[in-house]
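Sequence lines, in order, name chains U and C. Just remember that this note's numbering sits 4 ahead of the position in the first sequence, which is counted from 1. Just remember that this note's numbering sits 4 ahead of the position in the second sequence, which is counted from 1.
It should be emphasised that the hints constitute simulated quantities derived from the structure, not laboratory data. There's no promise every hint is true.
[As the list claims (entries may be wrong)] Residues from chain C shown here face chain U by an in silico Cβ test under 7 Å; the list is partial: (1) Tyr12; (2) Gln22; (3) Ala31; (4) Ala59; (5) Trp84; (6) Gly110; (7) Gly112; (8) Met129; (9) Ile210.
The C-beta atom is built at its ideal place from N, Cα and C for all residues, glycine as well.
2 protein chains.
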Amino acid sequence: MKKDNKNYHMTADEFRKQGYAMVDWIADYWSGVEEMPVLSQAAPNDLFNALPNSAPNHSEDFSDIMQDVEKHIMPGITHWQSPNFFAYFPTGASGPSILGEMMSAGLGVQGMLWSTSPACTELEMKMMDWLVHLLGLPKHYLLENAGGGSLQDSASSACLVALIAAREKVSKLSLNKLGGNSVDDKKLLAYISTQTHSSLEKAMMISGLGTDNLRKISVDGSYAMQAESLKKQIAIDKAEGYLPFFVCATIGTTSSNGIDDLTSVGKIAQQEGLWMHVDAAMSGTASICPEFRDCNKGLELADSYNFNPHKWMFTNFDCSALFVKNKADIINALSILPEYLKNAATESGAVIDYRDWQIPLGRRFRALKLWFTLRHYGVEGLRHHIREHVTLAQEFATWVEESENFEIVAPHPLNLVCFRHKDGDAVNEALVKKLNDSGDLYLTHTKLNGEYVIRLCVGQAHTTRKHVEKAWELIQAMS
Amino acid sequence: MKKDNKNYHMTADEFRKQGYAMVDWIADYWSGVEEMPVLSQAAPNDLFNALPNSAPNHSEDFSDIMQDVEKHIMPGITHWQSPNFFAYFPTGASGPSILGEMMSAGLGVQGMLWSTSPACTELEMKMMDWLVHLLGLPKHYLLENAGGGSLQDSASSACLVALIAAREKVSKLSLNKLGGNSVDDKKLLAYISTQTHSSLEKAMMISGLGTDNLRKISVDGSYAMQAESLKKQIAIDKAEGYLPFFVCATIGTTSSNGIDDLTSVGKIAQQEGLWMHVDAAMSGTASICPEFRDCNKGLELADSYNFNPHKWMFTNFDCSALFVKNKADIINALSILPEYLKNAATESGAVIDYRDWQIPLGRRFRALKLWFTLRHYGVEGLRHHIREHVTLAQEFATWVEESENFEIVAPHPLNLVCFRHKDGDAVNEALVKKLNDSGDLYLTHTKLNGEYVIRLCVGQAHTTRKHVEKAWELIQAMS
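For reference, chain U alone in the conformation it holds in the complex (with noise of 0.2 Å):
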């Protein structure tokens, strides 16, 4: 696909040749990164200046633009895929993964319809299915029975989805009950904890239902919703005139990992008439493996659920999943056909058109990757990785109690360990910073009952015990 005579595409023997070279520059890149800096320590506009102001007029060889890759970009990567990469949430990649993105880009199929690609949708379908088993997930999200699952650009999209099928679901019945009359929009009130994604508070702010009607509760000493609380908040709240509608409960919050407690809050959501979204954005992979399957405990009562395979699950961003209980909320509140969309098989209905699941109209072919990745690492596989990172995490853990000098600040039930100096909020701020600055891992922070807190994350897929060793000796040293 390289420009002849007649056009400037890139022949097919060039695509070829380039293409071999960048699968052993991702290869290589792999087997390099743990040696790399893992946060850039790139000063703001270093890329920006160093590029041209305007695209070049003239075709350029792509080994030039290899060569400025490793000359501009690189010094600008912070390196997600290191093993050395503790910090916030991982973000997932693997081989099989890479190559399903490979093939997703080479197909260039736009999926927004069944009719535009049913292998797009269909794969997509089966896929969700797959996770409902993999997970343990009730059964009512199989698309056989009324819900379904579908593929999310992330989990900010998955609760903006959640709200406004939940906001339009209580407007209809309101509607209905007063006799024609709308709800009125500033009413309505969500709920969430303390610890809840800052995701839910954008979610308000896009849906116009705005921040002013979210109710933050209060968390127990684990960092999990206190239903009582909620309980309590949604009786003040209807005395004064307000419609509660939508609770958003966390299996691992970013901040600690707590875990709310699904059926306290479940049952409080089903006796006032509430939607209940689940988060487990994070931690849903977990549950991949039955012995971290407690916290799904009154799942089946939530209306909606969201966990990211791009996370723990070794599947490259974006790949968020998204099931609900009842599919025709979704599309109620998202459907939308013009002319130029419609189509025999969208009219016959015996398709998903997964356009009305999201706010985008158009859709990549994401189940490709998803399906490459759970092949290649079958159940046994991912379990075995889940499962090392979590002795990982809990091994530090151990490491931390057994400490002079440092202390854990929440329950661990996972992959996330929150610790802390016990000199105070100063000296694990400049731990956190000499740590970072010298490139050997990455952590972050975050702040539990107003102190500052390190976090550290095990969920890199290639992360094994000598890096957490390492870590936990370089916490050590440098504090």
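Since the structure of chain U is provided, determine the placement of chain C on it from the hints.
Frame of chain U; chain C shown alone:
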């Protein structure tokens, strides 16, 4: 990266082997796609029923997976990258773009914040500036000025972001004017034409403003918004106590490539204090050629502008460029900063955190494919292909005009031709079905003035004269 005794990851050697094979698979696919039936002939659930109901317990060989791709996936592909694809608007792809997707997947970085990979943010910043120069857009969209650009997944998300930024801006303005009384959302009105893309209607649903508050303005004979009607409708609405705040103008409507007069719409927007968003999703790319820039007259009056390199600029989906005149407007509407995302770079104010410019939090490294594509083709290469596509579409229109049985039904300024057989809707509908069932080409329809119309869009990278000639032969032969 394939499983050894210690783990289940694909070994580097195995990744190289399968990676080379995948590169060959893609090159072979592109070489052979012309011969494949464009529209998939699969029946609903062919694929869904052919695959097992759950993920395999044990790791499978990648070669087995590839066999299943041939057997189960390929029959379900509608070939968007076939040069015989004339349906909808095309979706881009090219050698350099696919290589960019490969590198993005291989690096596996998450560009939500500047600090989480400065290169991901800064290459995007640079590419957005390049696009401003490339398309001859107003200079206020350059990042050094008040505005700036960012990559979104799609035009749908881009118009949603613009709508929300406009909503928040007018709400704050009103808040100040009204002395603390918030504006009533129910009074906010947005304006589009009857030909505007359905994503605007969807954005009204998502944002909670509601489709009742969307006014569809009539169009003239060229399917452009009637500015006089817009002006009148605004006056009527204001007299009824409504607050007009947003108008979307289109450069190249989806139905018929109608082009709104930005100057007349923009002047009304300015007089009335409306945010003007310009949707040039498909046709924006034409502006790479100076001779097609007339449609941009008045663009300086717009508050936001969007076009999709992933449509006609040989860049893989998803890659949609959104520019705003004032970046503060977008950040004010979408920014949120929880403790776990705080970092020194963000707090310094010296960098852009692109998460504040979009709906989701996470972001892929999309700028790589854009950089690779722009450098591979160069400005002259892009111009060459765009000009060729426009020339081919214009030639096709001539053939239709000169024919006895067919007629042109709308202006065809660029690469989309709307036409129909003179014998009425049933004949045209049957013709489209027959053509698409043949597998030799793929066309879609729309309705204009209530009549069924056939659309032919020349935009797939490898479409040449012989493909358009063959299409016209088939259209005549099968009618």
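Hints and how they fare:
no. : hint   : result
1   : Tyr12  : holds, 3 Å
2   : Gln22  : holds, 6 Å
3   : Ala31  : holds, 5 Å
4   : Ala59  : holds, 4 Å
5   : Trp84  : holds, 5 Å
6   : Gly110 : holds, 3 Å
7   : Gly112 : holds, 3 Å
8   : Met129 : holds, 6 Å
9   : Ile210 : holds, 6 Å
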